[in-house]
Every structure is written in structure tokens, then in C-alpha cells.
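**Student:** Sequence:
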Amino acid sequence: MRNWLQSGSLERVCQIGGTWSGSAPTYQIVVCPTLNDPANGNVNLSGDTFGQTAEYTCNTGFNLVGDSLLTCGPEGQWSGNTPVCEAVQCPPVGSPVNGSLLISGTGIYQDSALSVFEDGFNLVCMSERVCQSSGTWSGSAATCQSK
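So for the sequence shown, the numbering used here puts the first residue at 35; every next one is plus one.
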């Protein structure tokens with residue numbers, strides 16, 4: 035694997051007068067730019083020089099969008115698209131019959147859905163469900179029976 039960037043002439047000719055043509059070759063190690071952890075995730079580097087890799091993962095409740103593995107290329111740039119970690123989205127929760135639904139947030143990971151049942155001004159019962167990392171709501175649909 036080539037992990038050095040060469041500049042200057044590889045072939046030089048001794049000219050009349052005892053000087054060499056071109057410029058002497060120089061070498062510089064190929065290094066890719068620093069990568070930061072994405073919000074709600076991590077990047078694990080095998081290194082930052084040519085041929086080495088960066089592997090991205092997301093925290094529980096978040097999905098990776100983009101390339102999970104980037105490789106440092108011969109010109110000092112990471113291959114692929116730098117990923118992001120997006121919160122898991124749960125499906126909409128239907129409103130309970132004879133009750134109301136309160137959702138904290140937009141229905142993403144760890145948001146709550148609270149079903150409230152009232153009889154006039156008195157609270158009869160309530161049920162809470164939480165958006166899980168699997169993209170489903172905990173528990174089952176709320177029901178409340180009148181006495």
C-alpha cells in the first residue's frame with residue numbers, strides 16, 4: 035500500500051555545468067482529516083493514514099444514516115458520506131375512544147404517549163406508553179371501562 039504522497043521528479047538528469055534537472059523528490063505521509071463523533075453516536079478509527087478505516091455506530095434508539103465505514107484514500111480524503119444518527123421514529127398512536135391523547139415530543143425514541151380518560155371533571159384512568167428503541171410503543175392500546 036502506498037501511504038506516502040510524492041512530489042518532485044523521480045528522474046533527474048545531470049546537466050552541463052554539473053547541476054541536476056528538476057527538483058529533488060520529497061515525500062509526505064498521507065493523512066486524512068480528523069473525524070468527530072456524530073451526535074448520539076461514535077466513530078472508531080483504525081488510524082487516519084491511507085488505507086485505514088473509520089467505523090461509525092449509533093447509540094441505542096438511533097439509526098445510522100449514511101456510510102458506516104469510511105476509508106482514508108490516497109489523496110488524504112475519507113471515502114463515502116459521513117453518516118448521522120437519527121432518532122428512531124415510532125408510528126402514530128391513535129386517539130383512545132372516549133379519551134384524549136397527549137404526546138411529549140414528536141413520537142421519537144423515549145417520547146411518551148399519555149392516554150387520559152375523564153368522566154366529567156374526574157379522572158377515571160390513564161395509561162402511558164413510551165417509544166422504544168425498536169420503533170414500537172411499549173404496552174398496548176389504552177382502554178378504560180366505566181363502573
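Keep in mind the hints are simulated off the structure, nothing from the lab.
Cβ coordinates follow ideal geometry from the N, Cα and C atoms, glycine included.
Incorrect hints may appear among the rest.
[Said to hold, decoys possible] Pair ranges (Cβ atoms, derived):
1) 71 to 113: 16 to 24 Å
2) 55 to 105: 33 to 41 Å
3) 83 to 160: 53 to 61 Å
**Student:** Now tell me, hint by hint, if it's right for this structure.
**Tutor:** For each hint, the structure was consulted:
At about 19 Å, the CB distance of residue 71 to residue 113 agrees with the hint of 16 to 24 Å. Checked against the hint of 33 to 41 Å, the C-beta distance between residue 55 and residue 105 comes to roughly 37 Å, which is consistent with it. Between residue 83 and residue 160 the Cβ separation comes to about 58 Å, which falls inside the hinted range of 53 to 61 Å.
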